[in-house]
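K.L.:
The primary structure of each chain is shown beneath.
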Amino acid sequence: MTTTTGRTPQPSQDALAAIEQPLSKAALPRWAPWGVLAAAVVVALAVLLPGGTSVAAVAVLAGLLHLLLIGVVSRVKEGGRKAADRLVTALVTMAFLIAMVPLVSVVWTVVSRGAARFDATFFTYSMQGIVGEGGGGLHAIWGTVIVTLLATVISVPIGLMTAVYLVEYGGKSALSRAITFLVDVMTGIPSIVAGLFVVALFALLVGPRPRIALMGAIALSVLMIPVVVRSTEEMLKLVPNDLREAAYALGVPKWRTIVKVVLRTSLSGIATGVTLAVARVAGETAPLLLTVGLATRTNFDPLVGQIATLPVFAYYQYTQPGVPAQAGVDRAWTAALVLIILVMALNLVARLISRYFSPKGGR
Amino acid sequence: MSTPTRAPERDPGRGSIATGAKRPGDGIFRGTATAAGTLILLTLAAVAAFLMWQSLPAFTTDDEIPRGSLTAYIGPLLFGTVLAAVIALVVATPVAVGIGLFISHFAPRRAAQGLGYLVDLLAAVPSIVYGIWGAVVLSQAMLPIYGWLADNLGFIPLFAGPASASGRTIFTAGLVLAVMVLPIITALARDIFLQTPRLHEEAALALGATRWEMIRYAVLPYARSGVVSAAMLGLGRALGETMAVALVLSVSNVVTFNLISNTNPGTIAANIALQFPEAAGVETNVLIASGLALFVITFLVNFAARWIVARSGVKA
Amino acid sequence: MAKLIDVSDLNIYYGSFLAVEDVSMTIEPRAVTALIGPSGCGKSTFLRSLNRMHEVIPDARVEGKVVMDGQDLYDKDVDPVSVRQHIGMVFQRPNPFPTMSIYDNVAAGVRLNAKRMRKKDMDDLVESSLRGANLWNEVKDRLDKPGMGLSGGQQQRLCIARAIAIRPSVLLMDEPCSALDPISTLAVEDLIAELKNEYTIVIVTHNMQQAARVSDQTGFFNLAAIGKPGRLIELDSTSTIFSNPSQKATEDYISGRFG
Numbered sequence: 001m002t003t004t005t006g007r008t009p010q011p012s013q014d015a016l017a018a019i020e021q022p023l024s025k026a027a028l029p030r031w032a033p034w035g036v037l038a039a040a041v042v043v044a045l046a047v048l049l050p051g052g053t054s055v056a057a058v059a060v061l062a063g064l065l066h067l068l069l070i071g072v073v074s075r076v077k078e079g080g081r082k083a084a085d086r087l088v089t090a091l092v093t094m095a096f097l098i099a100m101v102p103l104v105s106v107v108w109t110v111v112s113r114g115a116a117r118f119d120a121t122f123f124t125y126s127m128q129g130i131v132g133e134g135g136g137g138l139h140a141i142w143g144t145v146i147v148t149l150l151a152t153v154i155s156v157p158i159g160l161m162t163a164v165y166l167v168e169y170g171g172k173s174a175l176s177r178a179i180t181f182l183v184d185v186m187t188g189i190p191s192i193v194a195g196l197f198v199v200a201l202f203a204l205l206v207g208p209r210p211r212i213a214l215m216g217a218i219a220l221s222v223l224m225i226p227v228v229v230r231s232t233e234e235m236l237k238l239v240p241n242d243l244r245e246a247a248y249a250l251g252v253p254k255w256r257t258i259v260k261v262v263l264r265t266s267l268s269g270i271a272t273g274v275t276l277a278v279a280r281v282a283g284e285t286a287p288l289l290l291t292v293g294l295a296t297r298t299n300f301d302p303l304v305g306q307i308a309t310l311p312v313f314a315y316y317q318y319t320q321p322g323v324p325a326q327a328g329v330d331r332a333w334t335a336a337l338v339l340i341i342l343v344m345a346l347n348l349v350a351r352l353i354s355r356y357f358s359p360k361g362g363r
Numbered sequence: 001m002s003t004p005t006r007a008p009e010r011d012p013g014r015g016s017i018a019t020g021a022k023r024p025g026d027g028i029f030r031g032t033a034t035a036a037g038t039l040i041l042l043t044l045a046a047v048a049a050f051l052m053w054q055s056l057p058a059f060t061t062d063d064e065i066p067r068g069s070l071t072a073y074i075g076p077l078l079f080g081t082v083l084a085a086v087i088a089l090v091v092a093t094p095v096a097v098g099i100g101l102f103i104s105h106f107a108p109r110r111a112a113q114g115l116g117y118l119v120d121l122l123a124a125v126p127s128i129v130y131g132i133w134g135a136v137v138l139s140q141a142m143l144p145i146y147g148w149l150a151d152n153l154g155f156i157p158l159f160a161g162p163a164s165a166s167g168r169t170i171f172t173a174g175l176v177l178a179v180m181v182l183p184i185i186t187a188l189a190r191d192i193f194l195q196t197p198r199l200h201e202e203a204a205l206a207l208g209a210t211r212w213e214m215i216r217y218a219v220l221p222y223a224r225s226g227v228v229s230a231a232m233l234g235l236g237r238a239l240g241e242t243m244a245v246a247l248v249l250s251v252s253n254v255v256t257f258n259l260i261s262n263t264n265p266g267t268i269a270a271n272i273a274l275q276f277p278e279a280a281g282v283e284t285n286v287l288i289a290s291g292l293a294l295f296v297i298t299f300l301v302n303f304a305a306r307w308i309v310a311r312s313g314v315k316a
Numbered sequence: 001m002a003k004l005i006d007v008s009d010l011n012i013y014y015g016s017f018l019a020v021e022d023v024s025m026t027i028e029p030r031a032v033t034a035l036i037g038p039s040g041c042g043k044s045t046f047l048r049s050l051n052r053m054h055e056v057i058p059d060a061r062v063e064g065k066v067v068m069d070g071q072d073l074y075d076k077d078v079d080p081v082s083v084r085q086h087i088g089m090v091f092q093r094p095n096p097f098p099t100m101s102i103y104d105n106v107a108a109g110v111r112l113n114a115k116r117m118r119k120k121d122m123d124d125l126v127e128s129s130l131r132g133a134n135l136w137n138e139v140k141d142r143l144d145k146p147g148m149g150l151s152g153g154q155q156q157r158l159c160i161a162r163a164i165a166i167r168p169s170v171l172l173m174d175e176p177c178s179a180l181d182p183i184s185t186l187a188v189e190d191l192i193a194e195l196k197n198e199y200t201i202v203i204v205t206h207n208m209q210q211a212a213r214v215s216d217q218t219g220f221f222n223l224a225a226i227g228k229p230g231r232l233i234e235l236d237s238t239s240t241i242f243s244n245p246s247q248k249a250t251e252d253y254i255s256g257r258f259g
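Chains as they are written, first to last, in our numbering: chain A, 1 to 363; chain B, 1 to 316; chain C, 1 to 259.
Everything labelled a hint here was simulated from the structure, so no lab data went into it.
Being a predicted model, the structure only gives us computed values, none of them experimental.
Not one of these hints is a red herring.
Facing chain B, a subset of chain A residues (Cβ under 10 Å, in silico): (1) S176; (2) M186; (3) V193; (4) L196.
Straight-line C-alpha distance at most 27 Å; calculated DSS-like pairs for lysine-lysine: (5) K120(C) x K140(C); (6) K119(C) x K140(C); (7) K145(C) x K115(C); (8) K115(C) x K260(A); (9) K228(C) x K248(C); (10) K119(C) x K260(A); (11) K145(C) x K260(A); (12) K65(C) x K228(C); (13) K115(C) x K76(C); (14) K140(C) x K260(A); (15) K260(A) x K120(C); (16) K120(C) x K145(C); (17) K3(C) x K115(C); (18) K3(C) x K76(C); (19) K115(C) x K140(C).
The beta carbon of each residue, even a glycine, is placed where N, CA and C say it ideally should be.
Take the sequences, apply the hints, and build the full model.
P.N.:
Printed below as a string of structure tokens:
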């Protein structure tokens, strides 16, 4: 503000009147958006029904009509600013509903088509000696369990200790910053590249093109480790420094403090993170396609021979269904359904762990 | 050095402060932690090194490379990879920003977390499932739209047609990718929106702004760079996604901007998945070389995204 | 078991920043020494240097001598972990371990050091420590409940019980009552008065009345200006400091003219 002149300029009366706003203004009733939506649906039905229609077409037209109507009605009744607000509210709500369409469609499709072979046979038989109908995915279920478990066994210690290094020892050292940066980069490695890496590695170590469960587990580990590091790191950072100091003040060595206090306190958070990481890699297909191949019988040896996994099983049953084709496609859908149930169950378990096993306290 | 550091049971009052030996546990534990971190560095270096090593023959070989030369082989694939990812991003980003705003600022407080969880569920669907769903359901559902586009908007090169009869086009593949990256971008965008300083928001509201004006003047400026980097992380994911594209697309390895026809460019990742199991000889090396190219591109995209975040100082 | 601590020429640094300069003092056994002074004068930093908790912070270091029992705590061969087993500490905010029960919290000092103890001995140790902290009667029926479920004042006494369970010689208290309500504060002050029969106690406090109530000798810390190191201005019996201090700065602070 300049105070050099003696007289401060005053806004004109017109300008003041423009700023002035009444306390209460004409507003649409609370039910207005729903009313407008109902009207939009009715109009959409009326327009489309005569020519024969689909749910999707009605929904799209009703959505557009709703946007148009609420904008116009609000603009007339409440003015431009309020109309913009209502328009945006309708738009972001629609964005959410749009995202629900594929979710519902995927779940519905997989459940309805996978139900055909969601039977006892599927869970008790492998594909050994099966041509055409029958057979099951037991070998693939075992394969997925074995490969995922192996990947977890490899990833968790490495990921956990790396996070411990970053939070408890690394500080701002060059190594620590390099690791943080590369973990970020690793998060973005395409899964197929992780598969290629393992293929290239084993080609060098044991000669051309072996396909064994261990390779798949290592490929999945490359994808899983950064997730474990990231989530564990976040959890360790959440442990209040007070607790570390409390342990140090009791004369507890640093490593015991980390193991018995820091890790113990963040255990449920770490378990949640690990479960989510397992869920993420359990559904991976591309790297397994390159590294573990496919088998028709259950293979419990991670070091010898190809092994079937649910995603790869689903892929081949769908792309090379055999004769009759429907039998293979049905098996593919059921494998997909089992896989989805498995992954969603892991997600659910993760939520439950974080809800029921986190330390409770008054703070 | 080897004497015990202290008596196991310290007699109260008479114990003295231990001197001399260091406890070994600390050193071992610290060493293990450092080794684990270093292993990650080595792994990433190894990924790059082995991919280079194994793709080397593709550059030096005298054998016949599929489609003549390495550039002629990888070029169209690269084009398709970028095209599909861009389609995914153009579709997913606005929707993700909308959902992010809906959950952070519009949805009723009590429902917001549950609704957010629903969106997260999209990320829990395995890619193979999206792939089969895209090939069977989505491509069928898109048929009438492709027909309409070809008939009415055919003058735009993107929709030149003739419309694919199977619906398995690069546009369908892009849509499936959009669904797959949607939860990733949404989650990041939502977090950034929620980080907007409460003071800024209340300052706007106290001036009499409507909710949308508050978002426009307080939330969006604050979140802009965060949203850009969220979109780039989504892009990195879309570039490398394999199965959805491999299952949806009918590939003919051309370079075309026609999104809805039968002739579509493939993508690097999908091409590897489709060709590698049966590949032999130098073809393997060529595929690995294409994988290396993909690795470099996603690396750059992710790097740029992190750089934007680091520069803006917003925690993602 | 209470011990005398002799501090001579102590300089405390954070990196290259000198936080506390040239402190020499003798801390008497079986007595309460209170440290007072304005915020940022380094009294908490000084306190933490007495059991080598200071060096938990990256880049923090100390020059000078802290001698207890003829042993310089900063001698090259001295194991800081062992120092902390002899000199216990209670913090500003109560910090019981959230994953542990009341019983386990008290037993933590023994258990976390992987020392084996018979169940009966452990029960006795827990009971005597809780009694020592004036908490036994309030919690004896719910020893297996989480320590975080107690009130703030109870949590702080639980932390004191945890600290005395490892039978230290010295107890350091860093503003132990600043997060507590007046009634809990009184309970902790009563406890301090009892504990001094067995322990050497050093307490940092912002509350001058508290220093006057609980301590036998009082040290006044001050700093010349912001960014300058803190120094010990004077140390004397509490009654002298509060009635007839020798330094002008002490008198100004006591009478509320600054700080």
